[in-house]
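2 protein chains.
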Amino acid sequence: MQGFTRRHTVQEALSWLDAQLRTLDAEDVPLRDAAGRVLASAVVSDIDVPGFDRSTMDGYAVVADSTEGATPYNRIPLKVVGDAMPGSPFTRTVARGEAVRIMTGAPLPSGADSVLPAESVDSAGETIAAISEVSPQKNVGHRGEDFVRGTTLLEAGRVLRPQDIGVMSSIGLATARLVCRPRVRLVITGNELLPTGSKPRDYQITDANGPMLAALAERDGAIVDFPGLVQDNPEAILAALGVFETQSPEPKAQSPEPRAQSPDLIIVSGGSSVGIEDHAPMLLAKHGELAVHGIAMRPSSPTGMGTLGSRLVFLLPGNPVSALCAYDFFAGRAIRALGGRSKEWPYRAVRGTLTRKISSPIGRLDYARVKVAPSTALGAGGRVEPLSVAGASVLSSTTRADGFVIVEQDSEGHAAGSDVEVWLYA
Amino acid sequence: MQGFTRRHTVQEALSWLDAQLRTLDAEDVPLRDAAGRVLASAVVSDIDVPGFDRSTMDGYAVVADSTEGATPYNRIPLKVVGDAMPGSPFTRTVARGEAVRIMTGAPLPSGADSVLPAESVDSAGETIAAISEVSPQKNVGHRGEDFVRGTTLLEAGRVLRPQDIGVMSSIGLATARLVCRPRVRLVITGNELLPTGSKPRDYQITDANGPMLAALAERDGAIVDFPGLVQDNPEAILAALGVFETQSPEPKAQSPEPRAQSPDLIIVSGGSSVGIEDHAPMLLAKHGELAVHGIAMRPSSPTGMGTLGSRLVFLLPGNPVSALCAYDFFAGRAIRALGGRSKEWPYRAVRGTLTRKISSPIGRLDYARVKVAPSTALGAGGRVEPLSVAGASVLSSTTRADGFVIVEQDSEGHAAGSDVEVWLYA
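Chains as they are written, first to last, in my numbering: chain A, 35 to 460; chain B, 35 to 460.
One thing to keep in mind: the hints can contain errors.
Note: identical chains are not told apart, hence a pair may lie in one copy or across any two.
Taking lysine to aspartate or glutamate and the EDC-like style, the derived pairs with C-alpha atoms no more than 16 angstroms apart in a straight line are [said to hold, decoys possible]: (1) K233 - D80; (2) K233 - D82; (3) K377 - D52; (4) K391 - E446; (5) K391 - E419; (6) K320 - E269; (7) K405 - D453; (8) K172 - E102; (9) K172 - D147; (10) K172 - D87; (11) K113 - D156.
Calculated directly from the structure, the hints in this document are not laboratory data.
Sequences and hints are given; from them, build the entire structure.
This is how it looks when you write it as structure tokens:
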């Protein structure tokens with residue numbers, strides 16, 4: 035039971051992590067499932083939109099000249115020669131003095147150069163009269179007016195919005211080329227833990243980290259594999275890390291597998307420190323690389339990071355508050371980057387005024403949970419109240435908190451009344 | 035082909051809509067699927083957390099008195115009598131002069147009142163010596179310290195965060211009591227439309243609204259039923275509205291159905307105006323109630339709303355920009371409210387300075403798409419550029435835009451250089 039001999043700074047830990055991060059490969063996904071995901075390549079239209087000249091009003095397609103001088107006192111009769119509906123065009127040519135009843139979106143018939151709105155016409159039965167003029171090209175949407183073939187509509191890296199999906203559909207795409215979702219395996223250890231759905235009893239507690247980390251990773255775009263709680267012994271942890279899997283013979287798969295089903299990233303929770311029952315760091319050091327272990331921050335100082343083959347491995351403290359903080363700083367950052375998203379927090383920042391001081395020793399970064407007065411939600415100047423928490427283990431502080439304030443390692447804290455940045459939990 | 039005889043104001047339309055809105059019933063959902071959803075009832079703990087006194091450090095459980103006066107020059111020997119691990123307590127009583135090796139989270143043995151941190155001990159083999167004192171209750175987390183039985187942890191109406199799921203799991207819950215997700219049926223009409231995945235050809239265009247509206251409704255928490263494109267004829271539209279379904283005999287279901295599988299809300303796209311092929315308003319008026327038809331706004335003025343039995347029905351213009359705007363104003367609001375969420379836009383508002391004027395006639399509300407200079411993302415003062423769009427039909431304007439500015443109906447617009455609020459598309 036020794037303490038950490040040396041702690042990495044958060045900045046050192048992030049530098050190591052960022053050097054490992056790459057964007058995953060791409061896959062084709064049906065448009066119906068593409069909203070909220072990340073484009074792997076730009077979307078370039080191979081068609082003009084609209085693909086034909088069309089009416090932008092309900093009215094009458096005419097030769098504009100025919101209506102010259104029309105007013106309510108100079109009604110100009112027009113002969114209705116047919117209808118143009120969307121998908122059902124008028125197929126003959128419109129001459130001067132003729133009109134084709136046309137609906138919004140319908141193709142403009144040949145010969146016609148404008149659309150006289152319904153309100154500019156006095157219609158009685160089969161005869162109509164223009165009661166105001168229309169100028170050429172009026173109320174007509176031209177081929178390629180929205181965009182032409184070759185236009186880049188969406189850039190690679192974009193998180194797709196619902197309307198992007200609509201545009202992609204409109205140019206004839208069935209699928210989107212997207213960055214693959216990171217596969218995350220959760221290895222939740224602790225002999226004292228009971229699975230979700232069990233009532234805590236005696237000296238056993240019910241797992242908070244598994245469901246919390248699963249929800250966090252899914253929020254950040256991951257596909258989560260959480261096979262269940264793992265016993266605190268080296269064999270069980272190694273098996274959960276998949277160390278034995280990598281030595282098994284190649285599967286005799288007949289069908290081509292575009293991408294292995296094994297995880298891109300493993301999150302271990304519990305046993306991450308230097309105590310006698312903290313197996314995970316030792317196992318990672320032995321079978322892979324333990325690049326970072328012990329970080330100058332609070333909570334989460336007993337956090338480790340490393341690699342196991344091509345996989346990133348995060349060793350998170352079992353304490354749920356520490357696990358959340360270590361996820362926010364490290365594991366979540368990696369998941370977002372692998373999936374092509376911004377590495378930065380998916381939290382909105384607001385500014386506010388601290389009601390009480392937050393102290394933190396020089397040399398350590400602090401992640402202080404705070405409550406924010408509702409009026410701050412959209413602007414500056416709200417009240418930011420640090421939560422009094424006895425220790426890192428106070429799980430409810432993360433649900434009572436609206437967000438957190440960071441005290442950088444070279445700062446002794448923030449004075450009462452100072453203006454601070456708050457990251458609001460999403 | 036008559037215009038609307040009178041248009042409702044947006045405010046009138048919203049007043050009618052808000053009067054129809056109620057929150058849907060509740061259902062029990064496994065915690066694993068509860069993140070991002072809305073709590074239907076408060077979560078009250080029926081246990082104390084922690085459920086027992088426990089160590090908050092790795093170290094030695096002792097009687098604090100035993101260590102009085104200990105310094106590196108006054109080493110006080112302690113006899114190690116056992117171990118306490120999480121889930122594996124030390125079961126005897128600790129006496130003065132004794133120490134139990136204890137891990138973070140392990141139950142504090144009876145007799146002990148404090149935990150001497152590993153760093154305060156000089157240990158060599160089986161004998162240890164305290165090299166600093168510890169005071170009573172130090173490094174101990176007490177039963178109920180986080181929260182006690184009866185504490186309300188989460189209020190009804192809360193959108194569940196990942197850490198909330200962790201807290202709910204930790205008190206032994208297997209499921210969450212959530213507001214049901216609204217069921218939305220999409221009825222996308224238009225004889226000119228081809229389904230997603232088809233290349234536009236001749237005078238046919240590929241549907242943008244179906245996939246866009248599906249993604250919007252899912253973003254707002256709905257379960258979407260989009261059976262496919264519907265022909266522009268009264269029979270097909272009526273069938274898609276489910277009018278005939280309501281006259282069918284009751285199903286002879288043996289198993290109790292907690293909630294009907296039929297939609298809570300129907301969105302019709304296309305044929306919403308007053309043209310000869312605009313069947314939906316007439317059909318809704320005949321078979322249900324067409325409460326609002328024609329709204330003083332741009333785009334989306336040919337929008338209708340009403341009810342069909344207990345279902346809300348939204349008639350959206352077929353034009354994708356109008357459909358998006360009408361969704362933002364009306365259908366999305368209803369979906370969010372039915373699902374227990376805030377009715378307000380799920381968009382973030384920022385302020386910025388308009389680069390060019392936006393004009394709008396008095397009496398009409400305008401929804402103007404804008405681009406925002408990236409520097410505005412987190413604060414005020416960025417540049418807001420109105421997009422030049424020829425008409426409502428310019429679909430790409432919704433993907434080029436970062437968001438929109440509203441010009442209220444009693445305003446003639448915003449001058450260049452004025453400070454405006456921008457709603458950023460999510």
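(message) So, against the hints stated earlier in the document, which numbers end up violated here?
(response) Structure breaks no hint.
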